[in-house]
Amino acid sequence: MPKLTINGKEVEVPAGTNLIEAARIAGFEVPHYCYHPSLSIAGQCRLCMVDIEKTPRPTIGCNTVATEGMVVNTETDRVRETRKSIMEFHLINHPLDCPVCDQAGECWLQIYYMKHGLYDPRMKDEKVHKPKAVPLGPHVMLDAERCILCSRCVRYCDEITHTGELGIFERGDHSEIGLFPGRELDNKYSANVVDICPVGALTDRDFRFQVRVWYLDTAKSVCPGCARGCNIDVHVNRRRPHHAEGRRVARLKPRFNAEVNTWWLCDAGRYGFGFVDAPDRLAVPAQREGGTSTDATWEQGIAAVAGALRRLPPAQIGVIASPKMANEDLFALRRLLDLRGVTQVAGQVSPRVPGDEDDFLIRADKNPNSLGAELLGFGADARTVIEAAGQRRLKFLWVFGHDLLAGALPERDVLEALRVVDTVVFTGSNVNWTSAHSHWVLPATAWTEREGTYTNFEGRVQRFRTAIEPLGQALPEWDIIGRVMTLLGESLQATRAEHLFRQLVEAVPAFAGLSYQLLGDTGHMLATAEASGRRGAGPSGAAS
Amino acid sequence: MAEIVLMRNFSNPDSHTLAAYRAGGGYAAWDKARQMEPAAITEEVKKANLRGLGGAGFPTGTKWSFIPKNHTGPVYLVVNADEGEPGTFKDRYLLERDPHALIEGMLIAARAVRCTKSFVYIRGEYVEPWRRFSAAVKQAYDAGLLGQGLDIVIHRGAGAYICGEETGLLSSLEGKKGWPKIKPPFPAIKGAFGQPTIVNNVETLCCVPPIVARGAEWFAGLGTKTQGGTRMYSVSGRVKKPAVYEASVSITLRQLIEMAGGVSGTGRLKAVVPGGGSAAILTADEIDVTMDVDGLKNAGTMIGSAGVMVMDESVSIPEALMVLARFYAHESCGQCTPCRESTGWIYKMVHRIVDGHGHKDDLDTILDVAKRGAGTTICAFYDGAVGPYISYIEKFRGEFEALIPHA
Amino acid sequence: MSETPAVRAGLTDPATTKFSEPQLAEVRRLQALYPDKRGALLPVLHMAQETFGYISLEAEEYVASLFDLSPAHVHEVVTFYTLYFRERPGRHVVAVCHNLSCHMAGAPKIIAHLKQKLGIEPGETTEDGRVTFLTVECLCACEAAPMAQVDDRYELNLTAEKMDRLLEGLR
Chain A
1 MPKLTINGKE
11 VEVPAGTNLI
21 EAARIAGFEV
31 PHYCYHPSLS
41 IAGQCRLCMV
51 DIEKTPRPTI
61 GCNTVATEGM
71 VVNTETDRVR
81 ETRKSIMEFH
91 LINHPLDCPV
101 CDQAGECWLQ
111 IYYMKHGLYD
121 PRMKDEKVHK
131 PKAVPLGPHV
141 MLDAERCILC
151 SRCVRYCDEI
161 THTGELGIFE
171 RGDHSEIGLF
181 PGRELDNKYS
191 ANVVDICPVG
201 ALTDRDFRFQ
211 VRVWYLDTAK
221 SVCPGCARGC
231 NIDVHVNRRR
241 PHHAEGRRVA
251 RLKPRFNAEV
261 NTWWLCDAGR
271 YGFGFVDAPD
281 RLAVPAQREG
291 GTSTDATWEQ
301 GIAAVAGALR
311 RLPPAQIGVI
321 ASPKMANEDL
331 FALRRLLDLR
341 GVTQVAGQVS
351 PRVPGDEDDF
361 LIRADKNPNS
371 LGAELLGFGA
381 DARTVIEAAG
391 QRRLKFLWVF
401 GHDLLAGALP
411 ERDVLEALRV
421 VDTVVFTGSN
431 VNWTSAHSHW
441 VLPATAWTER
451 EGTYTNFEGR
461 VQRFRTAIEP
471 LGQALPEWDI
481 IGRVMTLLGE
491 SLQATRAEHL
501 FRQLVEAVPA
511 FAGLSYQLLG
521 DTGHMLATAE
531 ASGRRGAGPS
541 GAAS
Chain B
1 MAEIVLMRNF
11 SNPDSHTLAA
21 YRAGGGYAAW
31 DKARQMEPAA
41 ITEEVKKANL
51 RGLGGAGFPT
61 GTKWSFIPKN
71 HTGPVYLVVN
81 ADEGEPGTFK
91 DRYLLERDPH
101 ALIEGMLIAA
111 RAVRCTKSFV
121 YIRGEYVEPW
131 RRFSAAVKQA
141 YDAGLLGQGL
151 DIVIHRGAGA
161 YICGEETGLL
171 SSLEGKKGWP
181 KIKPPFPAIK
191 GAFGQPTIVN
201 NVETLCCVPP
211 IVARGAEWFA
221 GLGTKTQGGT
231 RMYSVSGRVK
241 KPAVYEASVS
251 ITLRQLIEMA
261 GGVSGTGRLK
271 AVVPGGGSAA
281 ILTADEIDVT
291 MDVDGLKNAG
301 TMIGSAGVMV
311 MDESVSIPEA
321 LMVLARFYAH
331 ESCGQCTPCR
341 ESTGWIYKMV
351 HRIVDGHGHK
361 DDLDTILDVA
371 KRGAGTTICA
381 FYDGAVGPYI
391 SYIEKFRGEF
401 EALIPHA
Chain C
1 MSETPAVRAG
11 LTDPATTKFS
21 EPQLAEVRRL
31 QALYPDKRGA
41 LLPVLHMAQE
51 TFGYISLEAE
61 EYVASLFDLS
71 PAHVHEVVTF
81 YTLYFRERPG
91 RHVVAVCHNL
101 SCHMAGAPKI
111 IAHLKQKLGI
121 EPGETTEDGR
131 VTFLTVECLC
141 ACEAAPMAQV
151 DDRYELNLTA
161 EKMDRLLEGL
171 R
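Chains as they are written, first to last, in the numbering used here: chain A, 1 to 544; chain B, 1 to 407; chain C, 1 to 171.
Just to be clear, a hint being listed does not mean it is correct.
[Said to hold, decoys possible] Quick look at which bits of chain A chain C covers, simulated, 3 or more residues with Cβ under 8 Å:
#, stretch
1, 172-181
2, 391-400
[As the list claims (entries may be wrong)] Heads up, simulated PhoX-like pairs for lysine-lysine below, C-alpha to C-alpha not over 25 Å straight-line:
#, chain 1, residue 1, chain 2, residue 2
3, B, Lys-241, C, Lys-37
4, C, Lys-37, B, Lys-176
5, C, Lys-37, B, Lys-240
6, A, Lys-115, B, Lys-176
7, B, Lys-117, A, Lys-54
8, B, Lys-46, B, Lys-117
9, B, Lys-360, B, Lys-371
FYI, nobody ran anything at the bench for these hints, they're computed from the structure. Ideal placement from N, C-alpha and C gives every residue a C-beta, glycine not left out.
Make the full structure from the sequences, and use the hints.
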């Protein structure tokens with residue numbers, strides 16, 4: 001581990017560390033554009049210059065490996081002046097699009113100009129003009145004038161997705177990022193180029209012109225789109241409800257987790273939040289009788305459910321949970337079902353068409369918590385419960401989340417089941433066929449509106465945090481279940497998800513030793529998973 | 001009158017044939033080199049004080065010795081025949097008139113660096129030189145000179161000055177855009193296709209057979225204390241007899257201009273570009289410099305590719321700078337920001353000045369931008385552009401100011 | 001750079017944009033010369049230009065398939081280098097050098113003369129498809145300035161009259 005001195009501070013770094021990373025370890029920021037820890041070294045932007053003792057000129061930091069005894073200074077007058085010059089070079093042909101550019105507020109030309117530039121511009125000639133507002137694919141918009149030709153996006157498509165769609169064409173100041181004419185940027189991870197583009201050259205089509213980034217709040221979370229559980233940040237707009245067409249969740253961004261998704265997020269996960277602010281959200285408890293639905297109160301809804309559970313023999317009660325529910329929800333449900341001795345229980349509804357999978361991040365299982373559901377006793381296929389309902393053995397059926405007609409369950413069986421069961425209760429966040437044919441609808445919060453944990457396919461338990469307030473009167477599933485339990489005479493003894501997690505840890509051996517604190521921001525493996533060496537199918541894009 | 005070494009065969013119309021080359025003593029040096037240890041060959045070239053004749057003037061023997069001793073994989077020799085520096089045409093003559101001299105130089109160099117596969121990168125526009133050289137290579141293969149320890153692959157460029165930069169050339173050889181590579185690592189450590197590579201100019205390699213045949217001391221004695229031999233000076237512009245002239249590297253610029261018949265046009269010298277377009281310009285009273293690497297370095301310019309362009313009093317310096325600024329803007333590869341953005345901008349400014357629409361700050365802006373960019377780029381292309389940007393304006397500022405309204 | 005005999009004789013239909021079997025063998029031979037077959041890309045693009053007359057997008061995709069490269073990376077190479085034509089050039093290409101020694105020797109006059117004579121700007125092709133007129137950077141024949149490259153040949157020591165005679169010879 002070489003020891004070197006940076007700005008007078010001695011620091012030890014792993015062998016092979018470049019000077020940008022070494023400076024970061026020492027607590028100093030070396031500004032840069034083209035360098036990215038996951039990509040090959042380009043050395044093109046020339047911004048990461050540092051002064052190294054015994055070297056006559058400033059040297060780029062990205063391509064310089066820290067060696068024993070090296071003396072580096074990142075803040076000499078000469079380095080500062082060089083940075084200023086490099087900033088000027090970057091802005092010579094850059095269009096002054098800030099007022100109309102989505103990147104404003106998180107743009108590294110703006111940020112570094114304010115920190116390292118602050119010169120008076122003197123370019124009075126006509127700037128080079130290039131194509132603007134060019135859709136590259138379904139998710140990415142290109143503005144070639146804004147591009148600083150750092151080549152991160154080109155290297156990403158070559159080295160991470162191995163799809164090679166992007167190139168830098170022509171030469172000199174007419175160089176231009178682009179696709180092969182007639183082709184699209186349509187790989188399943190295309191929108192990551194928006195994240196790594198330091199400027200507004202590559203922007204998100206979904207987010208285009210929606211809301212200014214300085215109005216956004218952020219929460220650390222986990223994508224519920226599949227069993228990988230990529231770490232994300234949820235960006236929400238509270239402050240300007242009249243922007244973004246009233247959408248509260250503005251966008252999702254990947255959050256770095258070396259063990260799960262590194263820097264990346266698939267497009268399906270990134271754009272899977274639309275349902276949160278869709279018009280078909282269930283916001284109010286409702287009762288349906290004779291084909292018409294009327295709003296009800298939580299008291300009425302909970303009383304109806306508790307009444308049925310109290311009145312009916314356990315054998316006549318069926319519950320279909322969901323692997324989209326959090327560990328805390330499933331544990332609360334387990335407590336409720338054990339309280340009444342309900343055994344007609346399932347959790348899985350197979351999809352009609354198998355989900356897509358690849359050797360990078362995408363898992364065929366499009367649920368975030370299948371493993372948690374399995375460990376908490378909800379691994380069975382819903383077919384058994386539907387059969388029992390169809391055989392008139394059930395008088396009460398509580399369905400969590402699923403649209404029973406959307407999966408592989410035979411349509412006839414589902415229609416029959418819902419026709420003959422006396423009381424069908426649906427708990428979920430959005431309208432679907434099942435909710436429209438249930439007797440009671442008890443609305444649940446979306447995953448962005450509460451906190452909890454999921455267990456990914458490898459056995460990593462990860463926290464997702466509240467990003468936005470619940471919509472209308474929706475409640476987290478565990479809260480709904482807790483209120484039912486209270487009416488049945490048993491307190492959940494939990495006012496927060498974390499309380500349930502603590503109970504879960506005590507009660508379920510697989511989760512032994514875990515706590516929200518231990519999970520932190522990057523999660524923790526189940527003790528059993530770690531012991532059994534279940535880990536292994538990590539993302540192939542992880543930097544070594 | 002210095003000895004003619006490099007151009008010794010030119011007067012023979014068949015000089016490009018194997019028979020003529022052999023008749024003139026060709027391939028005798030290779031026979032001698034085959035009996036020498038590789039390290040001994042390198043030593044001889046070092047002692048001869050041979051310096052690279054393509055532009056950088058780096059000591060050739062020293063470059064050869066950078067190849068890692070314990071490397072077990074291939075070592076490549078790559079010949080830079082991508083001549084493109086404005087004012088330079090010497091390699092074109094060597095390729096057309098004495099291709100076997102290059103082949104013999106390659107054979108000896110390849111032995112010195114333990115290379116069995118070599119590439120010759122010829123600029124795409126050099127069609128006739130390519131045909132001549134290809135024919136010579138075929139003759140050498142037929143005669144068993146090649147294919148018995150050295151193979152030559154001829155690779156045509158496709159039109160890009162930056163492919164004359166050694167690592168830009170390597171990128172192009174690898175089938176990519178001619179983007180120079182970030183250094184370190186340097187080509188001798190990691191070059192073509194990731195292997196240790198020596199890149200040498202055509203003329204430099206043509207010096208090698210004479211050095212081996214007649215000895216390092218002889219070659220060193222032809223030149224100055226720090227640079228041996230003769231070289232071919234491409235002299236053009238406002239001279240009476242534009243042509244390629246061979247002379248000792250100790251010749252002065254004044255003597256060279258006389259060799260070329262003296263100044264034409266008005267007959268009054270105004271300025272000289274001594275080392276290809278990228279060299280800082282010299283005024284009429286700076287021509288008593290020796291035309292070797294160190295002589296011109298000390299004079300604040302460079303010998304580069306020895307492309308000498310002579311300007312008489314009727315040449316407009318601002319126009320000359322505009323022509324070169326246009327060249328740099330067109331040839332910038334675009335890889336790194338300072339060069340990509342400022343070559344275009346500076347051309348726009350100089351163009352405006354020549355057109356009579358200059359602003360009074362333009363000259364200082366050009367000088368400042370050039371100075372800020374120098375030394376910050378991936379390769380020396382930009383430093384080559386900075387040579388003219390700064391020297392033309394600093395040495396002939398009055399001529400520029402005369403074109404700027406209210407300057 | 002001029003219309004190839006093959007194209008003129010109708011032997012190759014650029015629309016099909018494929019190499020013949022012997023040509024494919026040549027591609028493989030070239031690829032084998034390099035430690036990484038990608039090294040043969042520039043030579044094969046020259047081959048494509050000679051065969052098809054210019055390098056169309058179809059040709060780029062075709063060549064990309066011969067090298068297991070994405071078309072975008074072939075497009076990068078084709079757009080970087082000046083000798084690859086992306087549109088069919090005229091039957092003849094007249095490339096006049098406008099760099100420093102040629103400029104001092106009168107290249108601007110030759111260029112102006114050609115503009116007037118051909119009726120087109122540099123970069124354009126005459127309407128009858130006869131001549132593509134280009135201005136180019138140093139061709140390294142400064143001792144014979146002003147000069148031009150006409151198809152494969154260097155034409156040296158140009159005057160307006162010499163240029164006219166050359167043009168007459170270009171069918």
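Hints, one by one, checked against the model:
no., hint, verdict
1, 172-181, "holds (count 4)"
2, 391-400, "violated (count 0)"
3, B:Lys-241 <-> C:Lys-37, "violated, 46 Å"
4, C:Lys-37 <-> B:Lys-176, "holds, 12 Å"
5, C:Lys-37 <-> B:Lys-240, "violated, 49 Å"
6, A:Lys-115 <-> B:Lys-176, "violated, 36 Å"
7, B:Lys-117 <-> A:Lys-54, "violated, 38 Å"
8, B:Lys-46 <-> B:Lys-117, "holds, 23 Å"
9, B:Lys-360 <-> B:Lys-371, "holds, 19 Å"
Consistency note: the structure conflicts with the earlier hints numbered 2, 3, 5, 6 and 7.
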